[in-house]
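> Sequence:
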Amino acid sequence: MAAAFCRDYIADLKARIDDLHASTERYQTYELTMELLAQKNLVSYSEKKLKGQAEGLSYRRDFTTGRAVQMQQQDAYALFSGFFNLGQFLAFTGQGREKDAKQFAELLTDNWQYPTCAIYFIYRKKGQPKTASTRMHVVGLNGEADAAAYERKAIRADSVVQQRPFSSAVFWEWK
885 MAAAFCRDYI ADLKARIDDL HASTERYQTY ELTMELLAQK NLVSYSEKKL KGQAEGLSYR
945 RDFTTGRAVQ MQQQDAYALF SGFFNLGQFL AFTGQGREKD AKQFAELLTD NWQYPTCAIY
1005 FIYRKKGQPK TASTRMHVVG LNGEADAAAY ERKAIRADSV VQQRPFSSAV FWEWK
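Whatever position you read off the sequence shown (first residue = 1), add 884 for this note's numbering.
The set of hints was computed from the structure by calculation and includes no laboratory data.
The model shown is predicted, which means the values in this text are computed figures rather than measured ones.
Mixed in with the good hints there might be a few duds.
[Unchecked claim] Derived pair list, reagent style BS3-like, types lysine-lysine, alpha-carbon separation capped at 27 Å:
1. 898 x 1010
2. 1059 x 935
3. 1014 x 935
4. 932 x 1010
5. 1009 x 935
6. 932 x 1014
7. 933 x 986
8. 1009 x 898
9. 935 x 1010
10. 1009 x 932
11. 1037 x 924
12. 986 x 924
13. 1059 x 1014
14. 924 x 898
15. 1059 x 986
16. 1014 x 933
17. 1059 x 932
18. 932 x 898
19. 1010 x 933
20. 1059 x 898
21. 1059 x 933
22. 898 x 1014
23. 898 x 935
24. 898 x 933
25. 1009 x 933
26. 1059 x 1010
Construct the entire structure; sequences and hints are all you get.
See the structure below:
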C-alpha cells in the first residue's frame, strides 16, 4: 500500500496558524509547538496563551556542535512557513522510534536530505464550546517523485501513514 500524501493537511494547518498570528484576540486559549529538523539543525518554536497571558520562545540547536541560540519568533516562524510551502508531505505514524536523538534525526531526514517537522497545536476560539487539536510529524518533500523515493527508503513500512485521516495514541490529524 502506498503512503498517503498530506499536502492538504499542511495547507489547512498553515491557514489556521496564520489566522492565529493575524487575530490572536479571537482565541481564548492556544498552544502551538513546532520543531523543524533541517540541515543538521533543530529549530524549536512555541507560543501559548493561557488565562489571558501570552508567551513564546524560539531557539535553534546545531546538531554538529550542540550549541543552542535563542531566535526571534518572527524569524523562526519564517523558517516554518517556508517548510509549509514545500510541494508534498508524508506523515509519520510514530512507530519505530530510535532512542538516540541524533540517530533518529538522521533516520527521519534520510541523512539530512529532507526536512521534518513535528507539530502540536491546540486552540479554542472565543465563544466556541470546545478545543481543536492536532499532533503530527511530517517530512517535507519537493513533490510526488521525492515522496516516492523517500517511501522506498523508509526503514519500516509502518513508519509512514498509509491511510487518512490518521489517528493513533501518538499522532492525530484534527480532533
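> Does each hint hold? Answer for all of them.
Outcome of the hint check:
no.	hint	verdict
1	898 x 1010	20 Å, holds
2	1059 x 935	22 Å, holds
3	1014 x 935	16 Å, holds
4	932 x 1010	15 Å, holds
5	1009 x 935	13 Å, holds
6	932 x 1014	17 Å, holds
7	933 x 986	31 Å, violated
8	1009 x 898	17 Å, holds
9	935 x 1010	12 Å, holds
10	1009 x 932	13 Å, holds
11	1037 x 924	20 Å, holds
12	986 x 924	9 Å, holds
13	1059 x 1014	10 Å, holds
14	924 x 898	24 Å, holds
15	1059 x 986	31 Å, violated
16	1014 x 933	16 Å, holds
17	1059 x 932	19 Å, holds
18	932 x 898	17 Å, holds
19	1010 x 933	12 Å, holds
20	1059 x 898	16 Å, holds
21	1059 x 933	20 Å, holds
22	898 x 1014	21 Å, holds
23	898 x 935	25 Å, holds
24	898 x 933	19 Å, holds
25	1009 x 933	11 Å, holds
26	1059 x 1010	18 Å, holds
In summary, the numbered hints that this structure violates are 7 and 15.
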